[in-house]
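2 protein chains.
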Amino acid sequence: MIPNDRFLRACRRQPVDRTPIWLMRQAGRYMEEYRAIRATHGFLEMCKTPELACEVTLQPVERLGVDAAILFADILLPLEPMGLAIEFAADEGPVIRNAVRNTADVDRLRVIDPEDCWFVLEAIKLTRKELAGRVPLIGFAGAPFTLASYIVEGGATRTYKLCKTLMYNDPGAWHALMDKLADVVTVYLNSQIAAGVQAIQLFDSWVGNLAPQDYREYVLPHSAKVFANLDRSVPHIHFANQAGTMLDLIKEAGGGVIGLDWRIDMDTAIARLGDDVAIQGNLDPMVLFANPDVIREKARGILERVGGRPGHVFNLGHGIQKDTPVEHVKALVEAVHEISAEIIGRG
Amino acid sequence: MIPNDRFLRACRRQPVDRTPIWLMRQAGRYMEEYRAIRATHGFLEMCKTPELACEVTLQPVERLGVDAAILFADILLPLEPMGLAIEFAADEGPVIRNAVRNTADVDRLRVIDPEDCWFVLEAIKLTRKELAGRVPLIGFAGAPFTLASYIVEGGATRTYKLCKTLMYNDPGAWHALMDKLADVVTVYLNSQIAAGVQAIQLFDSWVGNLAPQDYREYVLPHSAKVFANLDRSVPHIHFANQAGTMLDLIKEAGGGVIGLDWRIDMDTAIARLGDDVAIQGNLDPMVLFANPDVIREKARGILERVGGRPGHVFNLGHGIQKDTPVEHVKALVEAVHEISAEIIGRG
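Top to bottom, those sequences are chains U and R.
Counting from 1, one number per residue, gives the positions in the first sequence under the working numbering.
Counting from 1001, one number per residue, gives the positions in the second sequence under the working numbering.
Calculated directly from the structure, the hints in this document are not laboratory data.
Every value quoted in this text rests on a predicted model; they were computed, and no experiment measured them.
Treat each hint with caution, since some may be false.
List of simulated lysine to aspartate or glutamate pairs, EDC-like, C-alpha gap at most 20 angstroms [unchecked claim]: (1) R/K1161 to U/D323; (2) U/K129 to U/D179; (3) R/K1161 to U/E297; (4) R/K1161 to U/E327.
Could you put together the complete structure from these sequences and hints?
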């Protein structure tokens, strides 16, 4: 039993006394405790050392009072055991030396085994032990499209040119890649659930760059395959960034909780999604640079739009920016707890 | 009288025999005729020399057979006469040395006079003469928010941190800046109309980064002021990029033609906008890197969704990428003309 189970209850659309909140990228550079560790350890080293991953995972729980922990890791970790030569170059983002451009390249990739990312599983076990039930632990993975975009482009991109060209001109190679990635993501997430995470989030960070009809044709079947094969003992959150114009398709792909960015009003999103899914979001991360009274007013705006309806997990619409003032983040957590208790209390 | 008035007819939701097409950034680096001129002239020099601006404006009309010309210019041209020290650094984008951060900075800016951008007006007159009525000429301006984002950030941005912080923490300074920009944009566009452009487009390229409730509070009144004060003798196109989740607000701000990016399906957009406005769009510019048969299929997809309804101007959902194959662009123009004639013809 977890003393604070508000997050899990909200994911299951059960009533809560106040709205739970966690923040995407809550373990990160905006916290001095994190920077202190990062100063003497590489980013990948932190991901691959269970004690360090555990330590930074716990930092925001202790400092901010959030209602869930999310494992410190990177969405690209499962790519290395697939046979991709990935490097995290300083300030340049990830670089993949053997990018995938055709069917032969796809054929060379292997589906991972559950133990390939053993360090993630060890970090989960250690973190569960250290949390001692205070709040639930969330695991996560990148969605097939988001992983494919890195794998095809050879790194981050602003245009998705190679990725879209492969998709349009060689749909056979594209679907083979996406099918393999769906299997990898499924193995990876199910291994995390087996190791002890109490919810999972699928991050489709870049899919909002696609036209909805392209999402339906080239992506949806593969994301749907992931959700269809996930262990159903924990809630599944589906966050597709910049996808506010195709929430119907995101919901169709799967997930009992749909994550929202900040580019859609909460009440519009609820109207489009219906009431058979929970929602997560959706404050603009840049609001955290405003004065605390503005932060409070913006949090209230979202909570009033939800109106105490069960099934809301408060979050940002994207990850916390690296230079966000930590006191402002704390003010947000307190505001959400206090204002939501008032709204839920007035019934 | 214009021999090819399909573009103007479509803007006014009048029937046409085939769907008109023009392309955002159609005068640009993907054409070798453009690169030949750019090789010996600076970008700003081209904007400020009416003969050169006219020449590159005409290139896509001659090479591609598009149904409208759009004046070669830059949205930041009116900033210099406002008192902003703007430089176009190579590969770095525009840089503004005296960025605006408070009310005193806003007070120092002046509203431009119609003649301040005399070179734009001369280029319009010359281009109208050279076009000799073949196709209509479109003028344009950046919308107040998009201009404000450059002015406050001091250049391009990915986070809009300074811009949003000013908006949230000093709404007085923000609204004063936006009000002044609305006046500048109105003077600038009305001077273009007086000089001879036959339609105008307001580009709100970056406004899709705002939450809808922020758009309503901090932007909509100022864009609405522009549209309310524009000369009504020509059609007004309102293009707000990445704003598919708030098309109702974009329409409310104004414009008889609403431009769409590619992140929303055309039929969804039509359903949300209603039939009292024309629409422009909405092919993903990256489709132009695909094989011509894919380009044709994607063009057909959009045209079938419109279904021959009057009031559609075909366009990309954003500007042409600089390395787009020009033969592919030509294939798109031909496909749109041919397929739309077939769809309109079958009634």
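Okay, the hints, checked on the actual structure:
no.: 1; hint: R/K1161 to U/D323; verdict: holds (11 angstroms)
no.: 2; hint: U/K129 to U/D179; verdict: violated (35 angstroms)
no.: 3; hint: R/K1161 to U/E297; verdict: holds (18 angstroms)
no.: 4; hint: R/K1161 to U/E327; verdict: holds (17 angstroms)
This entry does not satisfy hint 2, going by the numbered hints stated previously; all others are met.
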